[in-house]
Amino acid sequence: MQEAALVGWHQRYSQLRRGSFAGEVQTLSLPGISITRERVNLAVAQEIASPLGCAVFVASLSNSAEWRVNAARRGTDVISLYRGGTEVTAVAPDHSDVLIVTVEAQQLGVAAEDIPPVRYCFGSAQTEATKQWLSSLLAIYGRNEAPPELDALLPGLVLDRLHAMLQHFLLSDDTALRPRAAYGLYRQALRLMEDQHREPLSVADMAQELGVPATSLREAFTETIGITPSAWLRQHRLHGARRDLNSANGSVSEIAMKWGFWHLGRFSAYYAERFGHTPSDALRARSRL
0 MQEAALVGWH QRYSQLRRGS FAGEVQTLSL PGISITRERV NLAVAQEIAS
50 PLGCAVFVAS LSNSAEWRVN AARRGTDVIS LYRGGTEVTA VAPDHSDVLI
100 VTVEAQQLGV AAEDIPPVRY CFGSAQTEAT KQWLSSLLAI YGRNEAPPEL
150 DALLPGLVLD RLHAMLQHFL LSDDTALRPR AAYGLYRQAL RLMEDQHREP
200 LSVADMAQEL GVPATSLREA FTETIGITPS AWLRQHRLHG ARRDLNSANG
250 SVSEIAMKWG FWHLGRFSAY YAERFGHTPS DALRARSRL
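Take the sequence shown: its letter number 208 is residue 207 in numbering that gives the first Met the number 0, and every next letter is one higher.
Quick caveat, the hints were computed from the structure, so don't treat them as lab data. Don't take each hint at face value.
What follows is a list of derived Cβ distance ranges for each label pair [what the hints assert, rightly or not]:
1. 264 - 191: 26 to 34 Å
2. 265 - 215: 56 to 64 Å
3. 146 - 103: 49 to 57 Å
4. 138 - 213: 25 to 33 Å
5. 125 - 268: 49 to 57 Å
6. 115 - 146: 17 to 25 Å
Computed list of lysine to any residue pairs in SDA-like fashion (alpha-carbon distance at most 25 Å, straight line) [what the hints assert, rightly or not]:
7. 130 - 207
8. 257 - 207
9. 130 - 210
10. 130 - 62
Cβ coordinates follow ideal geometry from the N, Cα and C atoms, glycine included.
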């Protein structure tokens, strides 16, 4: 699955648009460094935590649309830096194309705690050149066109570029990406959903248990991921059912009821509308693996 493609990361995707999801991940692994290009065709909300002890640089390779990070809108010309282990909610637009570089902090000569949890800056000529160079490395190695003599030199060359980029972040006056109040409330709602073990909550239930007006909850969700809490709740249940179907954990009817879909016909229609295939198709595909 796409959300398991980055080794050592915790990721949970939620598809925000109807249709058949398609994604592609290319990775070049070097000692202590991972260079990844991730492409998806449909907008997704991603709950992400990168590996501990690392610095993570993220840059868009597409100019298609802006991103949202922790409820804040970010243009495609923004470069982000994350400390490993920091939890982030990112919303990728349709046809997103992103470069992700993960490097052990010690490789950069810094302690992990000295890396800002989340920071961003606008791309410069230097960062743009580094971004394009790294993506070209992925393309060259993907086509097996890299000359053998490059293998020994490459880790040092990449580290030099990443060290310069880190210093740019650490020495600049770029603004820290602080969580907004809307993002905080959104995270509380997520924790509430993860902690509850009974029949799926309604929006009214969530607002009551969080002690906020339903309008505040609606604003928190629309600012953070661009959809209402009621739409998110249905997606949450559909994605839970999809994961169970992909793991062949029960029949279609059992899984539908587990996730609060008591009418099997409606469940199949909702599922097909969201993912482009029926629950029965998902089970059959799984049985062929």
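Hint-by-hint comparison with the structure:
1. 264 - 191: 26 to 34 Å: Given range 26 to 34 Å: holds, Cβ gap about 30 Å.
2. 265 - 215: 56 to 64 Å: 30 Å Cβ-Cβ, so the 56 to 64 Å window is violated.
3. 146 - 103: 49 to 57 Å: Between residue 146 and residue 103, where Cβ atoms are some 26 Å apart, the hint is violated.
4. 138 - 213: 25 to 33 Å: For residue 213 against residue 138, whose Cβ atoms are near 48 Å apart, the range 25 to 33 Å is violated.
5. 125 - 268: 49 to 57 Å: Once the Cβ atoms are compared, 52 Å apart, the range 49 to 57 Å for residue 268 and residue 125 holds.
6. 115 - 146: 17 to 25 Å: Between residue 115 and residue 146, where Cβ atoms are some 37 Å apart, the hint is violated.
7. 130 - 207: violated (46 Å)
8. 257 - 207: holds (23 Å)
9. 130 - 210: At roughly 45 Å apart (the allowed maximum being 25 Å), residue 210 and residue 130 break the hint.
10. 130 - 62: It holds: about 14 Å lies between the C-alpha atoms, which stays within 25 Å.
Comparing the model with each numbered hint stated earlier shows that hints 2, 3, 4, 6, 7, 9 do not hold.
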